[in-house]
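Q: We have chain A; now place chain B onto it with these hints.
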Amino acid sequence: MNGILFAVALVAGIGLLIGLILSIASILMAVPKDEKAEKILEALPGANCGACGFSGCSGYADALAKGKAEVGLCAPGGLACVTEISAILGVETGSIEKKVAAVHCMGSLDNTSYLAEYNGIKSCAAALRIGGGLTACSYGCMGLGDCEAVCPYDAIHVCNGVAVVDNDKCKACAMCVKECPRHIISIVPYKNSAVVRCSNKDKGAVTRKVCSAGCIGCKKCEKNCPVNAIKVTDFCASIDPSLCTGCGVCADNCPQHCISYLSPY
Amino acid sequence: MLIKSLIAVFLAAILTENYVLSKFLGICPFLGVSKKLNTAVGMSVAVTFVMVLATAVTFPIYMYILVPSGMEYLQTVLFILIIAGLVQLVEIVLKKYIPALYKSLGIYLPLITTNCAVLGVTMLVLQKVGPDYTYIHALVNAFGAGIGFLVAMVMFAGVRGRLENADIPKSLKGLPITLVAASLTSLSFLGFAGFVEKLIPLS
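Protein chains in written order, with the numbering used here: chain A, 1 to 265; chain B, 266 to 468.
Here chain A stands alone, though its shape is the one from the complex (with noise of 0.2 angstroms):
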């Protein structure tokens, strides 16, 4: 009877001492909870897809709180997020600008060719492992579609042997651009942005062998455009969309119309 009484004395008072210890000190190491970043992560959609910059939505909804992050970086939550954010932090409702992916490669089955007959895993990442990849270019959309099976919107489709974006599907949560093992799409501006469709850094002549819309490095766009926002770095342009106004010469004067625009100027 002892020996009941003993152990049961031992387990309670054991549990009851640890019951104390935690009560004690969950008071005195509390750590006072931030109500505004609470609310602002129950408006964040909650997709944790990082396209913000920060470490998911408990990051952003943070520095949000703190003052320390703009209101409109949310991609995936669009206006309706936006408008709600700003109601909680007070502050007035700011415009978000339209981001999309872009797919930097025209390389349909039109322009250039496969290297050779490929049955394996319908994986980019997997054939990527055979032999460096099975397209002639060595740069470009091997079209077996990794962005579009990451894709939580259903924006992004191998068409003709190449990713297209559905801009009004995209939300620019940066999930197909980490997918990419071929590093060729980026998150753009919707509007007034030019998008070089290209991503092979060989030379002209080497381009041109292998697919017929490439950047062959000719710099044209890089002399014509009035606001200096393209670069030819290893024979490939680059836009900076912060400089980019959309005036569309760019585009018009390419000899191998691989630059393009997202929405009409």
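Incorrect hints may appear among the rest.
[Unchecked claim] Below are the BS3-like pairs computed for lysine-lysine, each with C-alpha atoms no more than 30 angstroms apart in a straight line:
1) Lys33(A) / Lys361(B)
2) Lys36(A) / Lys368(B)
3) Lys39(A) / Lys360(B)
4) Lys122(A) / Lys438(B)
5) Lys39(A) / Lys438(B)
6) Lys361(B) / Lys178(A)
7) Lys368(B) / Lys39(A)
8) Lys68(A) / Lys360(B)
9) Lys438(B) / Lys178(A)
10) Lys368(B) / Lys33(A)
11) Lys122(A) / Lys435(B)
[What the hints assert, rightly or not] Here are some of the chain A residues that sit facing chain B, going by a computed Cβ distance under 10 angstroms:
12) Ile14
13) Leu17
14) Leu22
15) Gly53
16) Ser86
17) Gly131
18) Ser238
For the record, the hints were derived by calculation from the structure and aren't laboratory data. Glycine included, every Cβ here is placed at the ideal spot set by N, Cα and C.
A: Structure of chain B alone, referenced to chain A:
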């Protein structure tokens, strides 16, 4: 001699007596959190931390309270209670003083509360206690067990990374192939049997 035996205990805990791959404890986090390398490492660090801490507390309680009063059979109940309380306390302390570490371990700490690998480390070590196996040995064993968990997790995260790009039959996709891979990984650790005894002969 002490250092030699400590090294033997440490190596044994990692290789021959690996708690995941040889004793099959803590399979749940092993299968659940090994999808990505960084989460696998985060979980393992948290487990190592809790293992050492739990052993540090439960060992004296067993030796100086349970054994003298003949209440050894209470160890399972008491150890779970103590480990759960300890993890909660660690969580509170980390949240207050090291928020960065709390954020990186945050999700894993509550998961560990009832991790059977932690309970296993604290309980199985009691069977070895003797004149040659003291408190320090138990602590080193706990640390080694944590590192062994890390090794298993990192290895398996690598294996699973390869599986992602493999052409797996439809019926085996997902958990089935993961279990097959886990059993093969575990089998490979059988190769370490007798390794530590040969390497560091104690007597």
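Q: Decide, hint by hint, whether the structure agrees.
A: Outcome of the hint check:
For the given pair, Lys33(A) sits about 12 angstroms from Lys361(B) by alpha-carbon distance, which is consistent with the 30 angstroms threshold. Between Lys36(A) and Lys368(B) the alpha-carbon distance is near 19 angstroms, which keeps this suggested pair within the 30 angstroms criterion. At roughly 20 angstroms between alpha-carbon atoms, Lys39(A) and Lys360(B) fall within 30 angstroms of each other, so this suggested pair holds. With a CA separation close to 15 angstroms, the supplied pair Lys122(A) and Lys438(B) stays within the 30 angstroms bound.
About 40 angstroms separates the Cα atoms of Lys39(A) and Lys438(B), which puts this hinted pair outside 30 angstroms; it is violated. Restraint check for Lys361(B) and Lys178(A): not satisfied, since their Cα atoms lie roughly 34 angstroms apart, outside the 30 angstroms limit. Between Lys368(B) and Lys39(A) the CA atoms are separated by roughly 19 angstroms; this keeps the pair inside 30 angstroms, and the hint holds. Only pairs whose Cα atoms come within 30 angstroms are accepted, and Lys68(A) paired with Lys360(B) is accepted, the gap being roughly 22 angstroms.
For the hint linking Lys438(B) to Lys178(A), the alpha-carbon distance of about 24 angstroms falls within 30 angstroms, and the restraint holds. Our distance criterion of 30 angstroms between C-alpha atoms is met by Lys368(B) and Lys33(A), whose separation comes to about 15 angstroms. Annotation: proposed proximity of Lys122(A) to Lys435(B) holds, straight-line Cα distance about 14 angstroms (limit 30 angstroms). Using the Cβ-Cβ criterion of 10 angstroms, the hint placing Ile14(A) at the interface with chain B is satisfied: the shortest such distance is roughly 6 angstroms.
Hint on Leu17(A) holds. Least Cβ distance to chain B is approximately 9 angstroms, under the 10 angstroms limit. Interface restraint check: Leu22(A) against chain B, minimum CB-CB distance 6 angstroms, threshold 10 angstroms, status holds. The interface hint given for Gly53(A) is broken, as the beta carbon of that residue sits about 17 angstroms from the closest beta carbon of chain B, more than 10 angstroms. Hint status for Ser86(A): violated, given a least beta-carbon distance of 27 angstroms to chain B, over 10 angstroms.
A hinted interface residue such as Gly131(A) counts as satisfied when its beta carbon comes closer than 10 angstroms to some beta carbon of chain B; here the least separation is about 15 angstroms, so the hint is violated. Look at Ser238(A): its Cβ only gets to about 30 angstroms from chain B, farther than 10 angstroms, so that hint breaks.
Consistency note: the structure conflicts with the earlier hints numbered 5, 6, 15, 16, 17, 18.
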